[in-house]
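For the sequence shown, the numbering used here gives the first residue as 1223, with consecutive numbering after it.
Think of the hints as simulated: they come from the structure by calculation, not from any bench. Be aware that one or more of the hints could be misleading.
As the list claims (entries may be wrong) - Quick list of the computed label-pair ranges, beta carbon to beta carbon:
1) 1263 to 1224: 16 to 24 angstroms
2) 1244 to 1277: 27 to 35 angstroms
3) 1223 to 1261: 28 to 36 angstroms
4) 1223 to 1262: 31 to 39 angstroms
5) 1275 to 1240: 25 to 33 angstroms
6) 1226 to 1258: 30 to 38 angstroms
7) 1274 to 1248: 28 to 36 angstroms
8) 1224 to 1262: 17 to 25 angstroms
9) 1277 to 1249: 16 to 24 angstroms
Heads up, the beta-carbon is just placed ideally off N, CA and C, and yes, glycines get one too.
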Amino acid sequence: MTKVLEVTNLTGGYGAIQILNGIDLYVDHGEFVTIIGPNGCGKSTFIKIIFGMANRYEGK
(Lines of atoms letter the chains of each structure in order from A and count residues from 1; the text may use other names and numbers.)
(Lines give C-alpha, C1' and ligand atoms only; values in the text may rest on other atoms or scores of the structure.)
Protein backbone atom coordinates (compact mmCIF):
# COMPACT_ATOMS: atom_id res chain seq x y z
CA MET A 1 0.00 0.00 0.00
CA THR A 2 0.94 3.65 -0.39
CA LYS A 3 1.78 5.50 2.81
CA VAL A 4 -0.04 8.83 3.07
CA LEU A 5 1.36 9.69 6.51
CA GLU A 6 4.51 8.57 8.29
CA VAL A 7 5.50 9.85 11.72
CA THR A 8 8.73 8.52 13.20
CA ASN A 9 10.05 8.95 16.75
CA LEU A 10 7.95 12.05 17.43
CA THR A 11 8.70 13.80 20.70
CA GLY A 12 7.04 17.06 21.71
CA GLY A 13 5.57 19.18 24.43
CA TYR A 14 5.38 22.67 25.86
CA GLY A 15 8.44 24.21 27.47
CA ALA A 16 9.94 21.75 29.94
CA ILE A 17 6.81 19.57 29.87
CA GLN A 18 7.26 16.61 27.53
CA ILE A 19 3.88 15.26 26.43
CA LEU A 20 4.78 12.98 23.51
CA ASN A 21 7.76 10.62 23.53
CA GLY A 22 8.85 8.35 20.67
CA ILE A 23 5.54 8.22 18.78
CA ASP A 24 5.46 6.25 15.50
CA LEU A 25 2.45 6.25 13.17
CA TYR A 26 2.04 4.92 9.65
CA VAL A 27 -1.18 5.43 7.70
CA ASP A 28 -1.75 3.77 4.33
CA HIS A 29 -4.07 5.02 1.60
CA GLY A 30 -7.66 4.05 2.41
CA GLU A 31 -7.09 3.55 6.14
CA PHE A 32 -8.99 5.41 8.84
CA VAL A 33 -7.31 6.38 12.10
CA THR A 34 -8.87 7.38 15.41
CA ILE A 35 -6.81 8.97 18.15
CA ILE A 36 -8.35 8.44 21.58
CA GLY A 37 -7.19 9.02 25.14
CA PRO A 38 -7.95 10.90 28.34
CA ASN A 39 -7.84 14.69 28.68
CA GLY A 40 -4.33 16.10 28.64
CA CYS A 41 -2.58 13.07 27.14
CA GLY A 42 -1.40 14.88 23.97
CA LYS A 43 -4.01 14.13 21.30
CA SER A 44 -4.39 17.76 20.19
CA THR A 45 -0.65 18.39 20.45
CA PHE A 46 -0.01 15.38 18.21
CA ILE A 47 -2.44 16.65 15.56
CA LYS A 48 -1.04 20.20 15.76
CA ILE A 49 2.50 18.91 15.18
CA ILE A 50 1.40 16.82 12.18
CA PHE A 51 -0.32 19.83 10.58
CA GLY A 52 2.58 22.19 11.35
CA MET A 53 0.71 24.24 13.94
CA ALA A 54 3.19 23.49 16.75
CA ASN A 55 6.93 23.82 16.44
CA ARG A 56 8.42 22.39 19.64
CA TYR A 57 9.09 18.82 18.56
CA GLU A 58 11.72 16.35 17.39
CA GLY A 59 11.38 13.48 14.96
CA LYS A 60 10.16 13.29 11.41
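Tested hints:
{"no.": "1", "hint": "1263 to 1224: 16 to 24 angstroms", "in the structure": "30 angstroms, violated"}
{"no.": "2", "hint": "1244 to 1277: 27 to 35 angstroms", "in the structure": "19 angstroms, violated"}
{"no.": "3", "hint": "1223 to 1261: 28 to 36 angstroms", "in the structure": "33 angstroms, holds"}
{"no.": "4", "hint": "1223 to 1262: 31 to 39 angstroms", "in the structure": "33 angstroms, holds"}
{"no.": "5", "hint": "1275 to 1240: 25 to 33 angstroms", "in the structure": "18 angstroms, violated"}
{"no.": "6", "hint": "1226 to 1258: 30 to 38 angstroms", "in the structure": "20 angstroms, violated"}
{"no.": "7", "hint": "1274 to 1248: 28 to 36 angstroms", "in the structure": "19 angstroms, violated"}
{"no.": "8", "hint": "1224 to 1262: 17 to 25 angstroms", "in the structure": "34 angstroms, violated"}
{"no.": "9", "hint": "1277 to 1249: 16 to 24 angstroms", "in the structure": "22 angstroms, holds"}
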